[in-house]
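Be aware that the sequence shown starts at 1, since it is given in UniProt numbering, and climbs by one per residue.
What you were told as hints is all true, and nothing was included just to trick you.
Derived DSSO-like pairs: lysine-lysine, alpha-carbon spacing no greater than 27 Å straight-line:
id, residue 1, residue 2
1, Lys85, Lys62
2, Lys103, Lys85
3, Lys63, Lys44
4, Lys62, Lys44
5, Lys66, Lys44
I should point out that these hints are in silico values taken from the structure, not numbers from a laboratory. These numbers were taken from a predicted model, which means no experiment stands behind them.
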Amino acid sequence: MTGTCTAGAACDLSHDPTPNRVPACVHFLRGNCNNDSCRYAHVKASPSALICRPFATMGYCKKGAKCQERHLFECPDYAEHGECKTQGCRLPHVDRANQLRRKAARSSLSPELTSDNDSEDEGAVDSSGDVDMDVAPERPTDALRQLEEHLNGFSQQQDYIGL
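I would like the entire structure built from these sequences, with the hints used as guidance.
Here it is as structure tokens:
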């Protein structure tokens, strides 16, 4: 996106900067772009919107400015699922802070919640259909409280990237 093509006038490609071909201006998306001659598309897209697969893989989206997805050169599979199964994928795999927090919460809470199931008779149903309530099963609110405690700790600093 330097504004000049090395092939010059002999180039067969179209270099017109249209919303179909140009990635979204990240400064505009944040409300900070004041450049009247900005080379990037000033298209409003929700920060939580998916990455436009045709744009990411081919560099072109036929919907252009009407597309509801984000026009970025970034792996859509990695952005959506946190992993990319495409062998030899050449698109950037960007780790976002909110993805890292969710992944950390899932991995750290899973062992804690499953380790409480040591007792097979806890909350078990006997032959008469009665539930054994000698030991009350863990309530969902306890799991939510654990999640809040975990997220409020130092775990939020996992999005820190040192230089």
